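From just these sequences and the hints, can you work out the full model?
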Amino acid sequence: MAIVIKLDVVLAERKMKLKELSEIVGVSTVNLSILKQGKVKAIRFSTLNAICSTLNCQPGDIMEYIDYIKN
Amino acid sequence: MKNIKYFLAIISIVLISWLNIKFPNSRILMVVGAFLTVVLIFNFSIRKRIQFKSYFLNPWNFLVSTQFSNQNTEISPGLMYEKMLEVVRDSNYKVRDSNPLKKSIFLTTPISLKSWGENIYIDINESNLGKSTIKITSVALQVYSWGKNQQNFEKLILEIEESLII
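So the sequences go chain by chain: R and H.
Heads up: the first sequence is residues 1 to 71, going by the working numbering.
Heads up: the second sequence is residues 1 to 166, going by the working numbering.
FYI, nobody ran anything at the bench for these hints, they're computed from the structure.
Predicted model, so just to flag it, every value in this text is computed and none were measured.
Don't be surprised by glycine CBs; every beta carbon is placed ideally from N, CA and C.
One thing to keep in mind: the hints can contain errors.
What the hints assert, rightly or not - Over 12 Å on every C-beta distance to chain R, these chain H residues come out as not near it, computed from the model:
hint, residue
1, Phe42
2, Asp97
3, Leu113
4, Glu126
5, Thr133
As the list claims (entries may be wrong) - Computed from the model, here is a short list of chain R residues facing chain H with C-beta under 8 Å:
hint, residue
6, Asn31
7, Ala42
8, Arg44
Here it is, written out as structure tokens:
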């Protein structure tokens with residue numbers, strides 16, 4: 001997949017653990033771990049909204065499109 | 001193996017019917033009925049115990065209907081095991097046993113109009129680096145499952161797919 005998830009980078013910058021984020025956002029640790037690996041099928045806007053609100057970041061901070069063919 | 005099982009079941013029914021017609025005063029049907037009842041009661045009494053997994057999964061066990069399905073995923077086995085537990089706990093399956101070391105889960109379904117209930121055995125193994133294969137085996141406590149085994153697969157797989165939308 002060309003969308004790379006950088007959630008762990010943002011978590012490290014905010015000095016927050018995944019479990020903490022899970023409790024605040026209301027998404028299970030398992031789902032956030034799968035999101036971190038970029039293996040989820042889709043992410044709801046409500047979830048993205050909650051994550052960005054908690055981490056005080058933009059959606060582009062936690063996900064990036066990489067064109068593997070061009071690069 | 002499934003076709004052999006159905007073939008033997010049909011042959012048994014034909015043979016018993018023929019014997020009953022040939023020897024009308026004998027108690028063949030009664031004996032066969034009693035045997036099947038005892039087997040059903042025995043299966044019911046042991047079905048919720050993980051120790052009898054090999055009994056139910058034995059390919060020579062002609063009195064149950066077994067079907068399995070393999071699903072490949074991109075998720076690592078450890079994470080997939082946690083995800084499966086999450087999915088089955090939110091569904092109407094009853095978790096009877098789970099083993100995080102072997103990454104196996106044992107579920108049962110209730111009795112319905114089509115079936116006496118099924119045992120579902122889920123095993124998660126690593127396929128390639130960081131990827132896993134989920135083997136789901138559904139065992140109905142009767143010779144023919146009336147589509148319940150297939151229904152169980154479809155339902156579980158759909159629930160897994162839906163749970164990956166966060």
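Do the hints match the structure? See the list:
1. With a cut of 12 Å on Cβ distances, Phe42(H) stays outside the contact zone with chain R, its closest approach being about 38 Å.
2. Once the 12 Å rule is applied to beta carbons, Asp97(H) is consistent with being away from chain R; the minimum gap is 20 Å.
3. Here Leu113(H) stays apart from chain R, with its beta-carbon at least about 33 Å from theirs, past the 12 Å limit.
4. Consistency note on Glu126(H): stated as away from chain R, and its beta-carbon is indeed over 12 Å from all of that chain's, at 15 Å minimum.
5. With a least CB separation of 15 Å from chain R, Thr133(H) remains clear of the 12 Å interface cut-off, as annotated.
6. The criterion of a C-beta within 8 Å of any C-beta in chain H is met by Asn31(R), whose closest approach is roughly 5 Å, and the hint holds.
7. Here the hint on Ala42(R) is kept, as its CB sits about 4 Å from the closest CB of chain H, short of 8 Å.
8. Taking 8 Å as the C-beta cut-off, the interface hint given for Arg44(R) holds, the closest approach to chain H being about 7 Å.
This entry satisfies every hint, going by the numbered hints stated previously.
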